[in-house]
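The hints should help you fit chains W and C onto chain V, whose structure is shown.
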Amino acid sequence: MARFGMVIDTAKCVGCADCVVACETENNVPEGYARDWIKQVATGKFPNTQLEIRSERCNHCSDAPCVTACPTGASHFHDVGGIVLVDHNECIGCKACIASCPYDARFVHPEGYVDKCTFCVHRVEEGLDPACVSVCPTHCMHFGDLDDPNSEVSKLLNSRKHHSLLPEAGTKPNIFYLI
Amino acid sequence: MIEITTTRHNHLIDPSLHIWGWEIPVYLFLGGMVAGMMLISGYFLFSGRYKETNCSCYYLPIMSFLLLSLGMFALFLDLEHKPYVWRLYTTFQITSPMSWGSWILVLVYPILFASMLMRPHRLLLEKIPHVKKWHEYLHSKPMLIKYLGVVSMFFGAAIGMYTGVLLSSLGARPLWSSSILWLLFLVSGLSSAAAFVHLIAKNVYERELLAKSDNAFLILELFIITVFLIGLSSNSDVHAKALDLLMTGKYAAVFWVFVIGMGIVIPLFIQLLAVNHKIHHTPIAPIMVIIGGLILRFVIVAAGQYSHWYVLTN
Amino acid sequence: MAYLSRRRFLKISGASIVATAALSSASGIVKGAKKIEEKTGKQVKGIQKIPTYCSMCFWKCSAIAYVKDGKLWKIEGNPEDPLSNGRLCPRGTGGVGAHYDPDRLKAPLIRKSERGEEKWVQVTWDEALDYIAKKMNKIKNEYGPESIGFFSHGIGGGFFKHLLKAYGTRNIAAPSFDQCLGPRDTAFEITYGDVVGGPERTDIENAECIVLFGSHIGENMHNTQVQEFSKAVERGASIIVVDPRMSTAATKAKYYLPIKPGTDLALLLTWINILISENLYDKDYVEKYTFGFEQLKAAVSGYTPEWAYPITGIEPELIRETAHEIARYIPHTLVHPGRHSVWYGDDTQRGRALAIINALIGSWGRKGGLTNQDVFDIPSYPYPPYPKPERERADNPGGKYPFGGAEGYTTGLREATLTENPYPIKGWFVYGTNILYSLPNTQETIDAIQKLDLLVVIDVVPSEIAGYADVVLPEAVYLERYDDLFAPYFKQPFVSIRQPVVDPPHDQKPGWWIAKKLGEKLGLQKYFPWKNIEEYLDTRLKLAGLSLAELKKKGVIKGPKIPLYIEEGFEPEFETPTGKIELYSTILAEKGFDPIPKFTKHEDPPPGYFRLLFGRAPMHSFSRTQTNRLLNNVMDENEVWVNADVVKRLGLKPGEYVRLKNQDGVLSNKVRIKATERIRTDCVYIVHGFGHNARMLKGAYLKGASDSQLITKYKVDPLMGGTGMNVNFVTFETEA
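Protein chains in written order, with my numbering: chain V, 32 to 210; chain W, -17 to 296; chain C, 2 to 737.
Just chain V, same shape as in the assembly:
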């Protein structure tokens, strides 16, 4: 079974937000909402400040609390690659999934259902990368099967130092950040 995930190189990312804009147009995300976003975290004292720039989104966790919290089964794992999806026609908009997500990756679509990153499943099923990955001018984002040791993402994880977000929240996130 494939396990889709992303590996994002924070050393190369400049935080331009092209990934965010591409997601908005590709997926027709309503104005004022975002399925992905840029977070910049600066630490340390000037001029020895460290900066990590990250393109963030739903982590498509293997132990996704949003899926367990959903009372209707609208939040579910997709057959292909364990992508976490929301079935709009099953979602009642109770927001339990939103409260259960440590990444705050979900939001209520103006039409009432809960929405979030889909890893561009419609593109992935055609063999394409998600829109955010495919537009990135710095080539800092990589998408692929984390369970396949020969995939680009697995190789990157084997060769570079990396971390994921809030592993302590215990959700087994599938997006990794190269340092």
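No lab work stands behind these hints, which were simulated from the structure alone.
All of these numbers come straight from a predicted model, not from anything done at the bench.
Heads up, a few of these hints could be off.
One-sided and incomplete, this derived list gives chain W residues near chain C with beta-carbon spacing under 10 Å [stated by the list, open to error]: (1) M(-17); (2) T(-13); (3) H(-9).
Ideal Cβ positions, reconstructed from N, Cα and C, are used throughout, including at glycine.
Below, chains W and C alone, put in the same frame as chain V:
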């Protein structure tokens, strides 16, 4: 200094989560109070004291029915995708407390209706022959009343616990990550329900009895809150930070003044004096208890949403 | 268009002489996406992909626009494009938002009250153009045709330049020179006889050591450069960033030098001295290609790290270490010449120092340095010659500034308008540039406008300058129009096309159409012999042996590869008086300027004040994109970057709104404080382009602060007229 900037500003999510407004706290409070009412009335039905505890056994089911319906209406108002609400009942999701809750609530209604048959309204008895038939049938079988009491207590407890489990299952919010939130909400529900009887019961014995029990519940609640706070503080840093919201932070004033002070300690003090016949019973104390219970839900829901696994900045 | 060096200029104008008469018209070419199926007459469903080049900034990457069921869906990079390599920047991707922008200009407007009050009568195109033509004829009769001036930015301005040259004026200026890269290109022109160009000839991709002076690559989203920079980071190139603010690039650097603002020249001269005195420079290269080494050596000998330390605030050891680092990778070190370089008024001399250090490390014509560039030769359209103006250009009377000027002097044109010296300027055309936000000292611009009989603004959004116009002409956005061909100097010559993808949503028109119609109303038909733009483009392309149909299909056609490096057979020629790279500039000596740059000290901020620095954010271009809802969504206001210790010391709160007050008492709009460990304590920084006060820009109105409002002071570069703008100081006003 950690300096965080983000491009995200999603409605209801940023800068801090606030997806749940007044509806959910009201629902949790009413659910908890109904739970308490079912436990109280169930206990009296089970123990066969329903004749002395007139109010508890006859009014509470009707009140439960009304309050629960009100609570569910509030819950319904909170749903963002209302036309799809029926989806709750085309499935059962074993991992989802909300799915459990929605099925439990469905099962509670027949119990409340059955409890109401203990003494239906005169008009119903006269107009609907079936009501009269069932009413008489129920009273002809004391064991059935006992069973009804047990079932009522069981489901009451289930609702009460569910209101807490609903939040504590959402591990992304450290403030709710407590193994005794269910107990806190259950006991708080019991105390609100007892206060309610204390407030409306005409029978002196019953009033006294419930005032005394309420005092016990309030003391127990204080104890549970203490354990809840200690539990969070001795968990991880993230949980301790979340606790700060109640102890010294954004929600401390409301929590200490309205929940602990005016919702528990002061009414407890007044009621202790009243049951020891130092002063007359006053409706102020139970009203304070009920309002305190409501504010408890507001504070926990709001502060819990605000609490986060990320280190809170500024 | 980049400022053209003499050689470049000759090459292009020479080509047009070869051009023959117009060729057959290009009929039957589909305009944009198909909307109706010819056979069935039904609406076209599904996805159509249409290549075009972007206009969200001046880089002009080629893109492929996707139209779904007749509506614009998304825009991706064209994989054939050597600029974008198939990946656009956020603005390019967000170009969709330009088409859908609810705040865009929708119909021609004529002013009905005081200038700047933004009160309008909506008119038809005929009425608007008749009005303009009448006024222009009046100005021509009363003052002569030279009394019209034109401020232009972007390739779309070309049709209006043509119109106004045909009308009889040469008073044409672009802020992209005097308010941007002018000093740099002037310096390289003086030193190498050629410019850095835009897109720059920087071979960041292959550099082993990259030095950035204030260049915030990654925040300035010059696509090719950012892509190459990212590759350099991945390769582990040694990066040295010199900037008072820790830019995004600085956070990726091996060495970050938090220099005191205004002292870059001191550091550069010291580095030059170290390279020479420690014999670290590329001796063969210097000997073969440069002139004036001994004079340079003598002139910089006093600039030691110990001398530079109190001036720049950079430790002597760090200065030495970084100089050694620069030398270590010779000749694959690139000291990036930068782009926006109008900082302190002595910017051409700083540019000279950048040019000189690049000569010492032998970067011109070397891998990882400054490469050869060439152009895909597309002859100009064979127009009849323009009438020769009777009077000299008004923007540089008496040749006050001996250098620059190919793109005109914007502030010179403004001054001429204000003073009526050397003659009155009575009409302005402004195309695609919000000169109230690009020229320093807004009040001066407004005062000059009050002298005008006619101000015509052609734009896509109702910018501040549009608010002062007599006539506002709404142009179709780039996705809705043809423009001229794009064939820049680049390491891979190519030509690309802009073609309409969708129809304008309201009564907007393409620039070429507006220029042609106005030309006809002015009796200038003979300068617009083409029937439509396709015919114009096809004529030019046929002269180059290409066809419009082919280019429309491909979007980009590449020319032959060229040698980029000396090692590959590139033979650099330096069109300087000595034919060499002039370390010692004979032309500067002749004109009475320092032939070798000297350090001059700049004024420090008075107590309680901070130097105002400004720059870019990757998701916005100038003050043009803030209402684009897609880009607004990722950045809707700017913040003022203030050192966290300063914030604490002044008792300010992080995130609170303040106003900035400059040395002349001018107050900004409200702006949020970003307390940060990424800037020095003697300066503050804001992203340019925010703080709009044009009411019709609803999505951006009063969001953030505008640096332009606060830049009341500017220092003019005596060599080329560039306006140094980092000379303003601000303090904070908290709301009561």
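Handout entry: Interface restraint verdict for M(-17) (chain W) against chain C (beta-carbon cut-off 10 Å)
Key = 6 Å, holds
Exercise for the section: With a cut-off of 10 Å on the beta carbons, see whether T(-13) (chain W) makes it to chain C. Expected result: 8 Å, holds
Exercise for the section: Using 10 Å as the Cβ threshold, decide whether H(-9) (chain W) counts as touching chain C. Expected result: With Cβ-Cβ at 8 Å, under 10 Å, it holds.
Every hint, counting from the list given before, is met by this structure.
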